[in-house]
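Starting from the structure of chain A, add chain B where the hints point.
Number of protein chains: 2
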Amino acid sequence: MDQGARIEAALEAALRRAEGPGAPPKLAAALRHGVFPGGGRVRPRLLLAVSAACGEPNPTLADAGAAALELLHCASLVHDDMPCFDDAATRRGLPSVHAVHGEALALLAGDALIVAAFEAIARAAPADPAAAAAVTLVVARAVGMPHGITAGQGWESETAVDVEAYHRAKTGALFVAATTAGAVAAGADPGPWRAVGARLGAAYQVADDLADALGAEGDIGKPCGQDGAHARPNAVAALGVSGAVSRLEALIGEAVAAIPPCPGAGELRELVKLQARRLAPKSLVASVA
Amino acid sequence: MDQGARIEAALEAALRRAEGPGAPPKLAAALRHGVFPGGGRVRPRLLLAVSAACGEPNPTLADAGAAALELLHCASLVHDDMPCFDDAATRRGLPSVHAVHGEALALLAGDALIVAAFEAIARAAPADPAAAAAVTLVVARAVGMPHGITAGQGWESETAVDVEAYHRAKTGALFVAATTAGAVAAGADPGPWRAVGARLGAAYQVADDLADALGAEGDIGKPCGQDGAHARPNAVAALGVSGAVSRLEALIGEAVAAIPPCPGAGELRELVKLQARRLAPKSLVASVA
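Protein sequence lines, in the order shown, are assigned to chains A and B.
Our numbering applies: residue 31 is where the first sequence begins, and numbers increase by one.
Our numbering applies: residue 31 is where the second sequence begins, and numbers increase by one.
Quick caveat, the hints were computed from the structure, so don't treat them as lab data.
Computed from a predicted structure; not experimentally measured.
Misleading hints may appear alongside valid ones.
Copies of the same chain are indistinguishable here, so a pair counts whether it falls within one copy or spans any two.
[As the list claims (entries may be wrong)] 20 Å max Cα-Cα, derived SDA-like pairs, lysine to any residue:
(1) LYS56 - GLU194
(2) LYS56 - ASP192
(3) LYS303 - ALA280
(4) LYS303 - ALA287
(5) LYS56 - THR189
(6) LYS56 - ALA119
(7) LYS56 - PRO67
(8) LYS56 - SER187
(9) LYS56 - ARG171
(10) LYS56 - VAL191
(11) LYS56 - PHE115
(12) LYS56 - GLU188
(13) LYS56 - VAL193
Isolated chain A (complex conformation) (with noise of 0.2 Å):
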């Protein structure tokens, strides 16, 4: 099964067993919105090829380890388009969640993907259950305070703001679990993946923050302007366009620098510079690829 199938069925698996027999409809109807389709399964993907690039031994953490990032995430989209967030109709091209279950059951369906992350980790430890409580602890350091989605999505309401910090917390910190997240499940040691993540997350804000501020919204699948209609801090704002496309490229150089050596680093490395191309706005592809 290819790395997109083996994301896509751990998901499904996770979203079948919220949806049970004596499951509450609507609920379980949310829950499935908020996961099916998907964006780029980004994350999730990423966490497989370093898992990958360690030799993979313990394929079923892994793919657990990947639902819970992207059930995270998706809880994180879910809560973020609510009305006292960024009150957003639209999520990847189609109705967010609280537009069309309202706003009680996105809460609920945010909650309940959460819970189902961890019921996903714990449900693959019996392998080896200290890595699974290894994955846990990445995985709860990148959406839990004081540094994971929850803290970054907080600095929003802060008067003071440190820029870097909060996008370290709200992007950065989940490519870094996904880094980190693949090496512990494969055994390895994820203080090397740290930076390789770092780099990543930062990078991905970058063409977020472009695409934003050049009003892709076909390419996004979600409102633009977001940024600048919320006073949110956007690398467009501090670099200019020109500056935030070389920082994206500077940014993917040195993640592909910091991939440590491993069996699988060189096919690692290609699959970085192939991902980058999908970063940015389509209409500044040529420019990064």
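What follows is chain B alone, placed relative to chain A:
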């Protein structure tokens, strides 16, 4: 250290981690508001009591499980009080989290508390990672879909509701998790403990319904008449006050009878009877004591 002090210490440790250097201060304050000062800490006390009754070979994991249950309970209260649910301005006699910190931070605080719960269990894993994974699964089942708290709250959005299933998910699930996680953390068979938790959870729900219907706002520290106002199922509406009190007494008796043979069974039976007196609204204490 007595059980109450152990619970507060475990919660304080989890909160201190979440408030660590670099945390957004307002969200950190919202998290703390959601957890301290607490209510009766009924669920973590029950977990520690069962772990102690089973001989408590792993107090670190029991403490972590207890903290996790309470963090998840607090998260559900923070989200349940929000405008899209109960729109409750008070909780435990104080302003609710969203009333003080706003909806955005209340939403994030609940999310971060859910994450902190699973992180607490994973941090206690080293001594017995397999037992930690088992506790994680018990806890996840109690809060996630299809049968945990989120499912229970999800039933409030359905038109056709099975009252028993609703209460079992919304209130009973965390009590079942308290007794079974206490057993699992102690390496005991969780099977017989399900019935104990289920009966205690049902008793707690009846007591809550009595408090809501009788308007003892000072006793429960939150707005009364909420079930009637939100057209939610309520045991008093179904059975009348004296019928509900009889049901409460019967459930406590069944819970005590269901306690399986274990080193501390006698002490646990006395503790449950003592707790039963606390469950009922003060005006009814004499009749259920």
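Verification of the hints:
Proximity of LYS56 to GLU194 under the C-alpha cut-off of 20 Å is restricted to the inter-copy arrangement: shortest distance 18 Å between copies versus 39 Å within a copy. For the homomeric pair LYS56 and ASP192, the shortest alpha-carbon distance between copies (15 Å) is at most 20 Å, but the shortest distance inside one copy (40 Å) is not. Taking CA atoms no more than 20 Å apart as the test, LYS303 paired with ALA280 passes inside one copy only; the shortest distance there is 12 Å, against 67 Å between copies. Taking identical chains as interchangeable, the C-alpha atoms of LYS303 and ALA287 lie at most 20 Å apart only when both belong to the same chain, with a minimum of 11 Å there against 65 Å between chains.
Taking the shortest alpha-carbon separations for LYS56 and THR189, only the inter-copy value of 10 Å comes in at or below 20 Å, while the best intra-copy value is 38 Å. Proximity of LYS56 to ALA119 under the C-alpha cut-off of 20 Å is restricted to the intra-copy arrangement: shortest distance 19 Å within a copy versus 27 Å between copies. For the homomeric pair LYS56 and PRO67, the shortest alpha-carbon distance inside one copy (18 Å) is at most 20 Å, but the shortest distance between copies (34 Å) is not. In this assembly of identical chains, the alpha carbons of LYS56 and SER187 lie at most 20 Å apart only when taken from different copies (7 Å versus 31 Å within one copy).
Taking CA atoms no more than 20 Å apart as the test, LYS56 paired with ARG171 passes between copies only; the shortest distance there is 19 Å, against 31 Å inside one copy. In this assembly of identical chains, LYS56 and VAL191 lie within 20 Å of each other by CA distance solely across copies; the values are 12 Å between and 38 Å within a copy. In this assembly of identical chains, LYS56 and PHE115 lie within 20 Å of each other by CA distance solely across copies; the values are 15 Å between and 23 Å within a copy. Taking identical chains as interchangeable, the C-alpha atoms of LYS56 and GLU188 lie at most 20 Å apart only when they sit on different chains, with a minimum of 7 Å there against 35 Å within one chain.
Taking the closest pair of Cα atoms, LYS56 and VAL193 come within 20 Å of each other only across two copies (17 Å); inside a single copy the shortest separation is 38 Å, beyond that limit.
Checked against the numbered hints listed earlier, the structure breaks none of them; every hint is satisfied.
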